[in-house]
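Chemist: Protein sequences, first through last, are from chains A and B.
141 is the number that UniProt numbering gives to position 141 of the first sequence; each next residue is one higher, with no gaps.
90 is the number that UniProt numbering gives to position 90 of the second sequence; each next residue is one higher, with no gaps.
The hints are simulated quantities; they were obtained by calculation from the structure and are not laboratory data.
Among the hints, a few may not be true.
[Stated by the list, open to error] Label pairs and their calculated CB-CB ranges:
hint, chain 1, residue 1, chain 2, residue 2, range
1, A, Leu145, B, Thr336, 28 to 38 Å
2, B, Trp52, A, Glu514, 18 to 28 Å
3, B, Ile87, A, Leu145, 31 to 41 Å
4, A, Leu145, B, Arg153, 35 to 45 Å
5, B, Glu164, A, Ala75, 44 to 54 Å
6, A, Val506, B, Ala334, 50 to 60 Å
7, B, Gly307, A, Ala304, 54 to 64 Å
8, B, Lys137, A, Ile139, 43 to 53 Å
Ideal Cβ positions, reconstructed from N, Cα and C, are used throughout, including at glycine.
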Amino acid sequence: MTTLTDDVKDPATDDASHDGHAHDDHSHDDHHHHIPKGISRWLLTTNHKDIGTLYLWFAFIMFLVGGAMAMVIRAELFQPGLQIVEPNFFNQMTTVHGLIMVFGAVMPAFTGLANWLVPMMIGAPDMALPRMNNWSFWILPFAFLILLSSLFMEGGGPSFGWTFYAPLSTTYSGDSTALFVFSVHIMGISSIMGAINVIVTIFNMRAPGMTLMKMPMFVWTWLITAFLLIAVMPVLAGVVTMVLTDKYFGTSFFDAAGGGDPVLFQHIFWFFGHPEVYIMILPAFGIISQIVPTFSRKKLFGYASMVYATASIALLSFVVWAHHMFTTGMPVEWEKFFMFATMLISVPTGVKVFNWVATMWRGSLTFEIPMLFAIAFIVLFTIGGLSGLMLAITPVDFQYHDTYFVVAHFHYVLVTGAVFSIMAAVYYWLPKWTGRMFDITLAKWHFWCSLISVNVLFFPMHFVGLAGMPRRIPDYALQFADFNKWISVGGFAFGLSQLIFLALLVKACRKRGEPVSDQVWDGAEGLEWEIPSPAPYHTFDTPPQIK
Amino acid sequence: MKSLKCLVSTFVLLVSWFSSAQSAAERSDLNLRTGVTDISQQVYSLHMLMFWICVVIAVLVFGAMFYAMFKHRKSAGHEAANFHENIKVEIAWTVVPFVILIGMAIPAASTLDDMEDASKPDMTVLVTGSQWKWHYKYMENEVEYFSVLATQREQIENKFNKGENYLLEVDRPLVIPTGQKVRFLITSDDVIHSWWVPDFAVKKDANPGFINEAWARVNEPGIYRGQCAELCGKDHGFMPVVVIAKEPAEYAQWINEQEQIAVARKEEEQRLLAMNMSMDELMKQGQQTYNAVCAACHQPNGEGLPGVFPSLKGSALILNDQQAHIDIVVNGRAGTAMQSFSKQLTMSEIAAVVTYTRNAWNNNTGDLVQAKDVNALMQGE
Ligand code: HEM
Ligand SMILES: [Cu+2]
Ligand SMILES: [Cu+2]
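For reference, chain A alone in the conformation it holds in the complex (with noise of 0.2 Å):
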């Protein structure tokens, strides 16, 4: 986030100082000192921490988005009764607001941390692929479009949840769904454009003795999420083009009337699904792993059996994906096959928290910003962990299964998880992206206001849906009444509470606030804090040594 004005320097060579205007004067070995101008930096731009950058506010945009769907939500849910939406709009709220959270919010941001961060972590002088870069990003906003314009159709927009579940999304859809399915696409080309850039930087851009196992936690996390990112997109955009041709062009991969089957959705969908989840929280994991050793000035415990962790989770997501569909009515050895392999995955989760916990133990602990993050994550992520372990239980799952539950668990998982571990992630990187300090009273409400509300959000939902209270719908019985009263203050105290970090962005990208030092946090490691703050335009032209 260091650019959004245009006094961008080269603290490395002194003539880089001169604006644009000067650079004509420049010898044509120094070109890339040259910062273009106004939007055509950021439409052209192949820097990866301008596309770090690009990729971050518009992740945050779409937050805020998605997040204002979340109201609308929330406001409906705030009483019994049909009050503001109808039945339609609101599927179309859940649907869209879990699309633009999962593939416009975390992945997308992500997408921007790896950017800004893999170069400067392997003393790379960039991504491998900076066009394609570009274009990774710059696709992203038209896939939105599509979505979002979608909802003003006669008929709206996709309102057949996150899942798509057919036939629902084939013969029952309304005609939004030839853009919900493009759009899907989109996104998941960009995706993988990205996964393929991170990837090839990391085999081939290492400084010199930057051997694999010398990488630091969150490029190990990212190398295999990219992996993962490869293997299940195409997936993803395999059941979306089936769903677009059962629709659209007479086939019946899912219709049992032309021999099809509506249960193959599914398992198509989740062999996507599951290492899905796993790419919203590995990269987390990562970042995690980097701010505890930090702020308990101790290195991270058990280094090689987080890398190895990190690898047997990927592996494992590829055997779980039906504990999604215990319902569906499978052979009972099925059952519990994905049960047992599903609680097995419990294992390396596990061990990293446990890691963490032994990373903090007799170190030096101090509680800054990003520290008081990454902690409400251990916690958070953890409550998030044991209940997914409950679901995991197939004869309990009969009972959690399309509850409120599972709608608990999961943002417990991604918002308390990947949510608030991009929140850390931004604000330890952010010093060294901007060279100054964000305002801490700022950071410090936005903390302690999300922290409250969040728990007032989530938590109570485990309740009502364990009273019996089903997911995706916009009225409910009265016994559920009292708690959801609850649930949408915390939601909308949660949902204010992130224009405090808003404003916090705003400030700091206008370079408010005291200048940092080069190591900013007294305890970082790494080749990020040994370049200067703010991060010059260009880094590492020459790789540096690592011993």
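Based on these hints, arrange chain B with the ligands on the given structure of chain A.
Modeler: Leaving out everything else, chain B with the ligands in the frame of chain A:
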């Protein structure tokens, strides 16, 4: 360290919230219900077992973490130690959780075996979901009927006070005997639904074109309420499941009555075929049927939802083609949400609703459609 204290007190608050939830573990607004079948009780015990294991793990992990946060903070002058590996510990915390998991998996697998064993039932009910109602068919008896939400629209729209069983009441509940193994065959006519009765720990998807099995042996007579659990379109939130469990003797009496009523209905329908009803009668009956059955999609004012459900007001098909109009109500239109109503409605009800939609909202065709016209169309095919 102020923020540290805040963090810890938030944590304590969370834990006490959790544990106060536990002192009220029996409260059905906070926790799973124990239910009324042996299976549902096993499921409840499994749930509580899992819950307590999770609580213990959480307390240990968070306890260690908060201890470190207090004791090993820099502001208390703690210096960082230098270790970053310990093979023994690392093996221990891989193996111990694994063993705990095995301890969970064994009882879970045995309960699962029981749940999935629907063999040797005493009786069977075919449960069919369709947008947005359930249909029950007793396989051993000549009894079948639809079960539709009974909550008034005015309650949903906040014009009337909401009743005690708001959204969890139907016109005709499923009735089953206690003490017998009742097998449910579950399927769907359109999209995927999911038939869920929490008190039986039964939730099974209704997949169009396929049949799933589930079963329950209910121990106590009573009224048990659940809901459709799989997103199935606009009124997914409005298709409850209500099951009444009666003592076997009472049940036998009930099912006999139902069989007689079914026979009487058929005779009545034949009798009505020979009769002509007046416009007033047809319109009155038609409006009732329309509001109960069609309004969910085509809306009470007949205007539908643009782009989703067509308007019947001023519809070219209605205004120009009476046969096609009867036909679409009788047979539905394949591949759309417009389903066949020949099973759900009697011929005279269809006649009435067709007459109503041909004349309401300024459609004013003036046509009268009688049960025999509907019969003619059904026979003619
Ligand atoms: C701003 C705070 C948020 C609030 C108040 C909120 C609220 C909700 C609620 C109430 C639902 C359930 C809707 C229903 O089942 O009827 C829901 C669904 C969902 N949310 Fe959120 N949410 C928030 C943030 C997020 C974030 C950050 C993510 C992802 C990272 C997310 C991902 C999802 C997903 C995937 C669904 C499922 C959508 C579906 O059922 O198809 N939410 N959210
Ligand atoms: Cu999964
Ligand atoms: Cu349904």
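Chemist: Which earlier hints turn out false for this structure, listed by number in ascending order?
Modeler: Going through the list in order, the structure violates hints 2, 3 and 5 and respects the others.
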